[in-house]
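All chains, full assembly: derive it from the sequences and hints.
Protein chains in written order, with the numbering used here: chain A, 153 to 520; chain U, 153 to 520.
Hints listed in this document are in silico derivations from the structure and should not be mistaken for laboratory results. Please note that a few of the clues may not be correct.
Listed below are several chain A residues computed to face chain U (Cβ distance under 8 Å; list not exhaustive) [stated by the list, open to error]:
1) P174
2) T178
3) I225
4) K254
5) I255
6) D258
7) N352
8) M454
9) K455
All C-beta atoms in this analysis are idealised placements derived from N, C-alpha and C, irrespective of residue type, glycine included.
Number of protein chains: 2
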Amino acid sequence: MKIVCSKNDLMTGLNIVSKAVPNKTTMSILECLLIDCNEGVIKLIANDMDFGIETIVKGTIFEKGAVAYNAGILVNLIRSLPDNDVTIDTDADYNTTITCEKIRFDKIGSRSSEEFAYLPNVYKNFPISISKLTLKDVIRQTIFSISDSDSNKMMSGILFEVVDNNLKVVSLDGHRISIRNIRLKDAYNIKVVIPGKTLNEISKIISGNDEDTVNMFFNDNYVMFEFDDTTVVSRIIEGEYFRIEQMLSNNFLTKININKREMLDCINRATLLIKEGDKKPVILSISDDKVDLNINSILGSMKENIEIEKEGNDLMIGFNPKFLIDALRVIDDETISMYFVNAKAPCIIKDEEENYIYLVLPVNFTTA
Amino acid sequence: MKIVCSKNDLMTGLNIVSKAVPNKTTMSILECLLIDCNEGVIKLIANDMDFGIETIVKGTIFEKGAVAYNAGILVNLIRSLPDNDVTIDTDADYNTTITCEKIRFDKIGSRSSEEFAYLPNVYKNFPISISKLTLKDVIRQTIFSISDSDSNKMMSGILFEVVDNNLKVVSLDGHRISIRNIRLKDAYNIKVVIPGKTLNEISKIISGNDEDTVNMFFNDNYVMFEFDDTTVVSRIIEGEYFRIEQMLSNNFLTKININKREMLDCINRATLLIKEGDKKPVILSISDDKVDLNINSILGSMKENIEIEKEGNDLMIGFNPKFLIDALRVIDDETISMYFVNAKAPCIIKDEEENYIYLVLPVNFTTA
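Structure follows, in C-alpha cells:
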C-alpha cells in the first residue's frame, strides 16, 4: 500500500478515529488503526469492539491495500512532521516507510488487515437528523448524570426515545434524572439506550459548522452516526429502560425563580468547606423573598442569601451540593424555576416548555 | 485580629506566599500561613523551613494581631469570593469569620502565631542587583540540568559565583554542565550554592515589569531575595562546589554552526521512536556541509539531514537525545555553534562571548 496525504488532512482523520482506540487493552490489535484504500478512497478505521469510527481522508492512492498500524506510534510520528505531503509506503512484509521533506522513518511496524475487526454493517433506513450543535448540547446536558459504576449497565447509557416528532433524551443514576426534549422535523418511533462512552467520544469529534446535520440510524443492536466524512457505529445497551413518568409529578407546593449564576457561585463556594468523601448537605431555607443557603462542616460554616421570587409554602430542604451544581452548570437560562413538594420529595428544575427537566432527590439533614 | 483587604490584593499575596507551603508534611503548622499585622502593615508569611516567603498586602488594620491559617483552605475560600472588600476577623479563641458582600464564612479554624516559625534574619549588606528578567532567564537556562536525586545534595543546587563584576551561574548532574555568565554593574566576591527548589519557586513568583530589580543578599547560611513587597529567604547548600574548569577545554577539532530550531525539531521527532527507559542514542554524522541525524530502536528508525557550516574533522558521535533537547530548548539564538573533540569527549554548545556554555557528554553507540 502506498498513499500520499497532506499532513494536516491526515492528522484531522487520525485525531477522529483515535477516539475509538482503547487506552488499555491486552489485545494488541485493538491498539491499531487501519488504513484501507482498497475501495478507491483512503479510509481510516478504529474499533474498540463497543464502538468504532471510520473517516475518509483526502489524498492520492499509488498502490491499493489495507494495513493496520499501532495508533499511538502512527499519530505521534505524523504529528511530528512539517506541514507538507506525507507518504506512507508499506511493503509486502509489512515494513513501513513514512517520508516527508527530508525526513524518513523506516522499519515502522505494521500488520495485516486480516486480524482487524471492521465496523459492523448497519442497515440505513430512515435517519433521525439533528444539527451538530443540538446533538452536542443534549449530550452535555444529560451525560453528567449517568452512573459510572458497572453494577447497573442501563444507568451507564442515555435513553434516546422518539415518539412522533419529539426526541426525549434521558439519563439517571438513582439520585437524579436529567431530561432534554427536542422537536424533530420528521416523525419516528424509536427507543434505544446508547452507551455514555460512545456519546462522550462523539461529542468530542463533532466539529465544523454547528448547523451541519448528523444522521442517526438504528437497528436491533447498533446505532450509527453519520456526519461529514465520518461514521461512528456503537452497540446499544439491551433491555428495558427505567420508568420515570411517575417521578415527574406536577403537584408542587413551592416554586421559586432564582438567578442561576448566583446560586451556582454560592453552592460552589459552600463546597470548599467539604472535604472529599464528606457528605455534608447544602441547606436551602426558602422564605418569602430570599433563600438562605448554608453549610456546616468540621472546617467551618458558610451562610449566604439570594433574592428569589416565590410562590407557595416556605421550606427547608437539603441537597448533595454536587447534584445541584451539575444541573445548574449545564442550564443556559439566566433565571431558573425550581419546584418543591416537601423536604422528602424530589426537587424539579425545569423551564416552562420542558425543554429541560432536572430532578434531584433531597438528603436528610440536621439543623444545628 | 481584624483586617480588610480587597480580594484581588489578598489573592495576589496569597498566591505568592503559598509557594512556600509544602504539599505534603506531617507537621500541620507547616501547612499554615501567617497573617501578621502587629507592625502596622499586613504581612503574609509562609515557611517550609528550607525557604520562606514574606509579602506585604495593602489593606486596613482594625485590630492588630498575628494568626496562622491553613493555607489551602484560606486560599480556596478567598478565591471563591467576589471582587470586593474582604474582612478577616479572628477572635481571642481563634475562631475566624470571613465576610464579603452577603457571604459569611464562620468558625474557620486558625492558630496562634506562637507555633509558627518566622523567617530567619539575614543581615543586609551590599546587595547583588539584577533585573527580574535576567534572574528568570538564568534560572530557566540552568535549572534543567540539576540532579533531582537526593544522593548528591550539591547537584540539587545551582552555583552563583561572583568574581569582580561577572556572575557565573552553574548547574550540573554528572552528564552535563550548564553555565550562564552575566555582567553585573558592581563588583563583588561571592560563591554560594542555592537549592534548585528555591530558585524554581522564585522564578514562578517574580512578576510585573521585567526591568524591575531583584536584590540578593548573602550571609553564611542564607540567601535573601527582595523584590516588590516580597522577601524570600532560603538556606544555602553548604560545602565546596565541583571544579569544572578543566572540563571546559577549548581544544576542539570540529566546529559546526547549525540552525537551532531544525535540530531541535529533528531530535524531538527522533525521540518518538524511543520508549521510556529505553536508552537509544541519537547519532550525529558530521560531514562537510550537513549533519545526518539518525536513531534506531525496536519501533523503527529515523533519518534526517540538516545543513551546517563546518570547520575541522568529520565526526560520528552519539548523544542521549534528552540532554541535547534540554540545552537547545533554552538557548534563544537562532544559529548555534557546537564544538567537538572526538566521539568520547564532551560536546560544548556556546556562543562566542560565552554568555552561555552547555557541555554534554556523548554516549557509546554501535553503527548498525
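Hint check results:
For P174(A), the interface hint is violated, since its Cβ never comes within 8 Å of a Cβ in chain U; the closest pair sits about 19 Å apart. Contact between T178(A) and chain U, as hinted, is not supported at the beta carbon level, the nearest pair being about 18 Å apart and thus beyond 8 Å. Contact between I225(A) and chain U, as hinted, is supported at the beta carbon level, the nearest pair being about 6 Å apart and thus within 8 Å. Annotation: interface hint on K254(A) holds; nearest CB of chain U at approximately 6 Å, less than 8 Å.
The beta carbon of I255(A) is positioned within 8 Å of a beta carbon in chain U (closest approach about 5 Å), and the interface hint is therefore held. About 5 Å separates the beta-carbon of D258(A) from the nearest beta-carbon of chain U, less than 8 Å, and the hint is met. Nearest Cβ of chain U to the Cβ of N352(A): about 28 Å, over the 8 Å cut. The hint is violated. At its closest, the beta carbon of M454(A) sits 5 Å from a beta carbon of chain U; the interface hint therefore holds under the 8 Å criterion.
Taken as an interface hint, K455(A) checks out: its beta carbon lies about 5 Å from the nearest beta carbon of chain U, inside 8 Å.
When held up to the earlier numbered hints, the structure conflicts with 1, 2, 7 and fits the remainder.
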